[in-house]
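Chains as they are written, first to last, in the working numbering: chain A, 9 to 323; chain B, 9 to 323; chain C, 48 to 362; chain D, 48 to 362.
Honestly, the hints are just simulated from the structure, not real lab data.
Predicted, not measured: the structure shown is a model, and the values here were computed from it.
Check each hint, because a few of them may be wrong.
Here are a few chain D residues that face chain A, going by a calculated C-beta distance under 10 Å [stated by the list, open to error]:
{"hint": "1", "residue": "ALA93"}
{"hint": "2", "residue": "ASP97"}
{"hint": "3", "residue": "ARG98"}
{"hint": "4", "residue": "PHE102"}
{"hint": "5", "residue": "ALA105"}
{"hint": "6", "residue": "ILE109"}
{"hint": "7", "residue": "PRO123"}
{"hint": "8", "residue": "PRO136"}
{"hint": "9", "residue": "ASP138"}
{"hint": "10", "residue": "HIS148"}
{"hint": "11", "residue": "PHE228"}
{"hint": "12", "residue": "ARG229"}
{"hint": "13", "residue": "LEU230"}
{"hint": "14", "residue": "GLN289"}
Some chain B residues near chain D, calculated using beta-carbon distances under 10 Å [said to hold, decoys possible]:
{"hint": "15", "residue": "THR53"}
{"hint": "16", "residue": "GLY55"}
{"hint": "17", "residue": "HIS158"}
{"hint": "18", "residue": "GLY189"}
{"hint": "19", "residue": "ASP191"}
With a straight-line cut-off of 20 Å between C-alpha atoms, the simulated EDC-like cross-links for lysine to aspartate or glutamate are [claimed, not checked]:
{"hint": "20", "chain 1": "B", "residue 1": "LYS74", "chain 2": "D", "residue 2": "ASP335"}
{"hint": "21", "chain 1": "A", "residue 1": "LYS243", "chain 2": "C", "residue 2": "ASP97"}
{"hint": "22", "chain 1": "C", "residue 1": "LYS84", "chain 2": "A", "residue 2": "ASP239"}
{"hint": "23", "chain 1": "D", "residue 1": "LYS361", "chain 2": "C", "residue 2": "ASP97"}
{"hint": "24", "chain 1": "A", "residue 1": "LYS243", "chain 2": "B", "residue 2": "GLU252"}
{"hint": "25", "chain 1": "C", "residue 1": "LYS341", "chain 2": "C", "residue 2": "GLU359"}
{"hint": "26", "chain 1": "A", "residue 1": "LYS257", "chain 2": "B", "residue 2": "GLU60"}
{"hint": "27", "chain 1": "D", "residue 1": "LYS84", "chain 2": "B", "residue 2": "ASP239"}
{"hint": "28", "chain 1": "D", "residue 1": "LYS204", "chain 2": "D", "residue 2": "ASP335"}
Every residue gets a Cβ at the ideal spot worked out from N, C-alpha and C, and that includes glycine.
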Amino acid sequence: MLDSGLGRCYNAPSRRIERGAGDDCIVITELAGILRLPLRRLFMTRGAAIAELPGIARESRRNILKMIFEAGSGHPGGSLSEIDILTALYFRVMRVDPRNPRWEGRDRFILSKAHACPGLYATLAARGFFPVADLLTFRKINSRLQGHAHVMTPGVEMSGGSLGQGLSFGVGCALSARLDGLDHRVFVMLGDGECDEGQVWEAAMSASHYGLDNLVAIVDRNRIQNDRFTDDVMKLEPLAQKWEAFGWKALEIDGHDMEAVVEGLETAATVQGQPAVVIARTVKGKGVSFMENNPAFHGAAPNEEEFQNALAELA
Amino acid sequence: MLDSGLGRCYNAPSRRIERGAGDDCIVITELAGILRLPLRRLFMTRGAAIAELPGIARESRRNILKMIFEAGSGHPGGSLSEIDILTALYFRVMRVDPRNPRWEGRDRFILSKAHACPGLYATLAARGFFPVADLLTFRKINSRLQGHAHVMTPGVEMSGGSLGQGLSFGVGCALSARLDGLDHRVFVMLGDGECDEGQVWEAAMSASHYGLDNLVAIVDRNRIQNDRFTDDVMKLEPLAQKWEAFGWKALEIDGHDMEAVVEGLETAATVQGQPAVVIARTVKGKGVSFMENNPAFHGAAPNEEEFQNALAELA
Amino acid sequence: MTQSLPKVATREAYGQALVELGRENPDIVVLGGDLNKSTFVHLFAAEFPDRFFDFGPAEQNIMGVAAGMAASGKVPFVSTFSVFGMCRPFDQVRVGIAQPHLGVKIVCTHAGILTGEDGMSAHGIEDLSLACSLPGFTVVAPSDAVEAVAAVRAAAKTPGPFYVRLYRPATPVMHSEDYEFRLGVGDVVRQGKDASIIATGVMVATALETADALTSRGVSCRVINIHTLSPLDEDVIATAAQETGGVVTVEEHLSHGGLGSRVAQVLGRKAPVPLEMVALQGYTESGDPALLIKKYHLAAEDVEAAVWRVLERKS
Amino acid sequence: MTQSLPKVATREAYGQALVELGRENPDIVVLGGDLNKSTFVHLFAAEFPDRFFDFGPAEQNIMGVAAGMAASGKVPFVSTFSVFGMCRPFDQVRVGIAQPHLGVKIVCTHAGILTGEDGMSAHGIEDLSLACSLPGFTVVAPSDAVEAVAAVRAAAKTPGPFYVRLYRPATPVMHSEDYEFRLGVGDVVRQGKDASIIATGVMVATALETADALTSRGVSCRVINIHTLSPLDEDVIATAAQETGGVVTVEEHLSHGGLGSRVAQVLGRKAPVPLEMVALQGYTESGDPALLIKKYHLAAEDVEAAVWRVLERKS
Ligand SMILES: Cc1ncc(C[n+]2csc(CCOP(=O)(O)OP(=O)(O)O)c2C)c(N)n1
Ligand SMILES: Cc1ncc(C[n+]2csc(CCOP(=O)(O)OP(=O)(O)O)c2C)c(N)n1
Ligand SMILES: [Mg+2]
Ligand SMILES: [Mg+2]
C-alpha cells in the first residue's frame, strides 16, 4: 500500500487493475474526483493526510452544534459520535465527486440512522457538495436539509427516518454494482439501538447469502439509544458474534482514533467473499463534555448557554 | 427424574415445589389435567410411555393426509416434519386440559408456522380437544379449522398465517406468566424458512434480554421452505450460533427420534436464566416416501393415487 | 377564540392518565419502543417498573408481544410514534391483533404534521387510513387533552383492539373537565344551518375558529367533532348533511382513507350533498408546524374557502 | 355471459409478460420472497438467473433492497402475495420507496378473497387502501389477464412507484388481445343511463353480468372499469354520476379505502348522487372462493340488489 495522501484511489488499485481493459480511464476518472480535494494532498504521505482529518471533524462538530442550535431541535448525540467516521469516509476512504453527486462510479454512503443527518450534512458541506452556509437552513421550511436525511439533499443517497432500513438499501446498491460490473463500494452506517430492528438482520442474512464483499456496514456503537443505554433498553452483546453468526466478517475499532478508523474502514473494504462490519466503539455526544455519554442529548438541542460552552470546548 | 409415564407432572416437580405454599393443590390440578390421558399411563414407565408416541404420530400423519386430500389444498410437508414433536409435546411434555382448553395453568403451544396447522389440528383432535371427525371440515366454509391456524379452533393459542410472528407472541405469554407468578411453559414452533423473518430475531433478542427461561423455541429444521431448499433461498447456517449470539441456549436433536425429542424438549424446558431453542433436524414430508425432501409437497395436496399410496405407506 | 385557550399536549395528558389507570387496574401493562419519554409512558414505567416493558425500536416484535399479553389476560397499552405504531408493524397488528380481535391498546403520539421539524418520515398522515383498514378496531383521534384522557379511559375499559392518535405539541384545550365523552358518537360542538364543518383531532379547533369567523359574515356553520373514526357515527353525519345541505371535512391527514374519505361514503350512501375536503394531498417536509399548516393548506382560511365553495355549490 | 369466457390467471399472464419485458429491458431485475412459483416469477428466474434475487420471507428487506436497486438505475419488480407485499413491509414501502419516489414495481398476486381456502390472513382485502395511502404510487387492479399484462407493461415504462394487484385463480378474460389499456383512464365498458356500476378487478365481470341481467328487466346500466385506482379518473366517475344519477361500486376489498371509498370522495366533491357500495365489511374465512363470494355478499345478485336500491333512492 502506497503511503500517499490520495486515499482509496491508490489504496486499492490491484482490485481495479484486475478488471482489465478500460482501467486507465477509470483511474483517471477517479483521480479527477479525488483531485477535488486540495491539490496538495496529492503530495502528502498517508500519515500526514490522516493527520488532517481530526481538524476537519472538529469543524464539523462545531457545525453540527450550530445547525441544531439554530433549528432548535435535532439529534446532536449520534451526530457527534459518528462524525470522525464520516470524516474518514468522505475525506479519505471514499471515492466521491462533490461536483457530480450522482456520478455512477462513486462509492455510496448510506446513513441508515437518518436522524443523525446533521453529521452527514456537515460532512457533505465540508466536502463541497453544497455551501456550508446552507447548514443553517436545517429543519426549516423550504430547506433542502430535512430533519431526517432525504434524497433532496445533494450527496444524500437514501431517504430515511424510520430505523432499520439502510442496510437493505445498501444490499440493493451492492447487488446492482455487481450486476453492472462496477467496482464502487457501499458503506452503511447503523446505530447500535437501530440493531434492535429485525430488518437489520434480514438484510445482514441476505448480504452474506449473496457474498457481498463490496458492502461494509458500520455500527456506531455509542451504547446509547433514544431514551437510555442500550444495555437497559435491549442488550446487544455479544454484537460481533451476532454479525459473525450472520456470515459477516466483524472488526472492532475505536471510532474516535482517526488512524484506527481509516485503517478499519480500509481493511473492511478489502475483505473478500463476504460482507464486513466495522463495530466502532464511540462516545455519544463526543467532543462536548456535558453531552458525552448523556442520553439527554440524543435528540435535544442545546440551550444558548450550553451552545456557547460547547463551541468553546470545540474551539 | 422419576421414570414414570406421567410426563411433565412428575418430570419437573422441583421447580414447582420451590414455589412454596399451594403446591399440593397445583400438583393435583395438574394431575387432573394429565389424567385425561388414558389412566394406565399413570402406571407406565417413562420408556413405555414414550414408546407409545410414535403410534400416535403415525395416526396423526394419516389424518394430516386425509384432511389435506379432502380439502384439496394445504401444507403436508411441514405438517409431517413437525408431527413427532407435536405428539411429544401434547402427549408427554406439556400440561394441558383438553376439556378446558383455556385453563390458565396450561402450557402454551404456539404454532408460528401456522400453515402447518394440519399437524396441529390432527394432534389436538387426537388429544381430545375436538372430535377427530371435524378434521374433514378443514379449509371448508363455516369450519372451525381454518387454512392457517386461527384462535377459533379449540386449543389454538394464536392466529397466524403471516410468518415470523409467533415468537413475539410467545414472549408476551412468557412475560405474562412471570408477572402472574404462574409456572407454565411456553413452546413456540418455528419453520426454518421462517427464520428469514427479522421479527424472529427481534423476538429472540427480547426473550434473552428479559431472561425468559419459561420460553422454549423449536425450529423445525427440515431444510426446505416454500419453493426450494433453505440453502438455495437464504442460507441459515450456522443456525445454532445465531441463536446463541442472541442469548439463547441452543440444543440440536433428531426431530424424528421420539426419545431424543422428549429428552430435548424436557431439557430445554428446564434451562435456567435464559430461553432455550431446540433445533430439530427433520425431514420435510417425513413418512411418505415421495413427499420426503421434496419441495413440491410444501403446499400441495396429493392427488387420489398419491393419497392412497401415502396411506398405504403409513398403514 | 381558540388561540386564547390554555394549551396542553395530548401525549402528556395520556402519560398521566395511564398512571392513574395503572393504579386502578393491575392488569394494565405498558409496552414501549425506546420512545418512552416522548410518549410519556416513562411516567407509568417509573411507578410500575414491573409492568412496563421496553423492546427498543423493534415495532413488529412489540405488537406480537402485546398480542401474547392480551391473550394472557393483560390489558396492554403500546405506545410509540404514530408512524412506528401503525405503518411499521401493520401486518402484526392486522394478523396478530385485529384478526383474533385481541384487546391491545395502541396509543400513538406525534401524529400528523404537527410533528413539524422532524420531517415527512415522521409525519403520521396515513395512520387513520391504516387503522380504519383494520376491522374491529376502535379508532379515536381526540381533539384535545381532555378528550385524549377520556379516549384512553375508554380504551382501557372497552374490549377489543383500540387505536388512539395523539400529538407532540401542546394544543388548545377546548373541553372542560366535566366533558362527557361518548365513544362512537359524533359531538355537535356548535349548531348551525348553512353548512356543516366536520373535523377531527386538532382541526376541531380550526373548525371552530372558522365557524366563528363565518358567523360574523352571516354564515351559520354546524361544527361536528368526529373523535371516533371507527365505528363511525353515521347518523350525526347524515343528519348534518340533510339539515345543512353541504359538508366540509377537515383533518391533517391524507385525503385518502381519513375523515373526509369516511364521511364521503356516508354521504353517498345516506345523504348525497356537496362535500369539500380540507386534507393533505401528498407528503410534506420539515418545518415549524404553524408554517406547515399554512403551506399545506390546512389553516382556518383554507377551511373558510372550502365552506364558501360548498355554499356556492349548494345553490 | 362472463361465465362462458375462457379463464386465465392474471398471475400466470404476468409471469410470462415479465419474461418478455426482461428480454426488452436489461435493467429489469426481479425480487422474490420464496413464493416464486406461486407468483410465476420463477419463469423470469429461469431465463435470467443473474437478474433474479430471492430473499426468502423477509419482506421488509426485499422492499429496502428494491429501493436500493431502483436508486442504482435498475427497474426492480417485487413479487409476493398481496398481504406480504403491502401489509408486512408498509413502512419500508412508505419511507423507502414512496417518499423518495423510487421506481419500484410491486406486483402482488393472491389478492382478495379469491385466495379462498388459505383463509383470512391470506386474503388481501386492505391492499388497495394501503397502496392508495402512498402518495405518488400508481395503483392498478386489472380486471383480467389481458389487462394485467398491459398494466405490467405500463409499470415497466412509467417512472415512479407502482402497485399491481393480481389473483390466484384463473378468472374470465373479457378483453381481446388488441385491447388498448390507458393508464389512469377509467374504461366505460358498457354505456347506460339509469345507473352506473363502477367496478375494479375481477368484479368488473360481475358488474357486466349484473348489467346483462338488468337489461332484460328494462334497466340500462353503465359499467365502468376503474383499473387505475390511483391516480383516479375523476372525470369518468363524475360524468357517469351526472348522466345516470346513481352509482354502485363493486370490489372484493374492504369498504374502507378501496374503490367505493375513492369514488365516494369524487361524488361528494363533484357530483353528489346516491351511492351504494358492494364491498367487504370485515374479515372472512377459509372456503371455496365461489362460496365466499356468496356468503360475503359479493355476488351478481348482491350487485343487482344494490342497483335496485340506487334506483329507488334516485326517484
Ligand atoms: C422504526 C423506528 N422506530 C423508532 C424510531 C425512533 N428513534 C429515533 S432515534 C432512536 C434511537 C436510535 O438509537 P441509535 O440507533 O443507537 O442511534 P444513535 O445513538 O447513533 O443516535 C429511536 C428509537 C425510529 N426513528 N424508527
Ligand atoms: C410473512 C410471510 N411471508 C411469506 C409467506 C408465504 N409462505 C408460506 S409458508 C412459506 C415457507 C415457510 O418455510 P418454513 O418456515 O421452512 O416452513 P416448513 O418447511 O416448516 O413448512 C412461505 C414463504 C408467509 N406465510 N408469511
Ligand atoms: Mg446509539
Ligand atoms: Mg422448512
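Evaluation of the provided hints:
{"no.": "1", "hint": "ALA93", "in the structure": "violated (18 Å)"}
{"no.": "2", "hint": "ASP97", "in the structure": "holds (7 Å)"}
{"no.": "3", "hint": "ARG98", "in the structure": "holds (7 Å)"}
{"no.": "4", "hint": "PHE102", "in the structure": "holds (5 Å)"}
{"no.": "5", "hint": "ALA105", "in the structure": "holds (4 Å)"}
{"no.": "6", "hint": "ILE109", "in the structure": "holds (8 Å)"}
{"no.": "7", "hint": "PRO123", "in the structure": "holds (8 Å)"}
{"no.": "8", "hint": "PRO136", "in the structure": "holds (9 Å)"}
{"no.": "9", "hint": "ASP138", "in the structure": "holds (5 Å)"}
{"no.": "10", "hint": "HIS148", "in the structure": "holds (9 Å)"}
{"no.": "11", "hint": "PHE228", "in the structure": "violated (29 Å)"}
{"no.": "12", "hint": "ARG229", "in the structure": "violated (31 Å)"}
{"no.": "13", "hint": "LEU230", "in the structure": "violated (25 Å)"}
{"no.": "14", "hint": "GLN289", "in the structure": "violated (40 Å)"}
{"no.": "15", "hint": "THR53", "in the structure": "violated (42 Å)"}
{"no.": "16", "hint": "GLY55", "in the structure": "violated (40 Å)"}
{"no.": "17", "hint": "HIS158", "in the structure": "holds (7 Å)"}
{"no.": "18", "hint": "GLY189", "in the structure": "violated (34 Å)"}
{"no.": "19", "hint": "ASP191", "in the structure": "violated (32 Å)"}
{"no.": "20", "hint": "B:LYS74 / D:ASP335", "in the structure": "holds (18 Å)"}
{"no.": "21", "hint": "A:LYS243 / C:ASP97", "in the structure": "holds (18 Å)"}
{"no.": "22", "hint": "C:LYS84 / A:ASP239", "in the structure": "holds (17 Å)"}
{"no.": "23", "hint": "D:LYS361 / C:ASP97", "in the structure": "violated (61 Å)"}
{"no.": "24", "hint": "A:LYS243 / B:GLU252", "in the structure": "holds (14 Å)"}
{"no.": "25", "hint": "C:LYS341 / C:GLU359", "in the structure": "violated (24 Å)"}
{"no.": "26", "hint": "A:LYS257 / B:GLU60", "in the structure": "violated (48 Å)"}
{"no.": "27", "hint": "D:LYS84 / B:ASP239", "in the structure": "holds (17 Å)"}
{"no.": "28", "hint": "D:LYS204 / D:ASP335", "in the structure": "violated (37 Å)"}
When each numbered hint is compared with the structure, violations occur for hints 1, 11, 12, 13, 14, 15, 16, 18, 19, 23, 25, 26 and 28.
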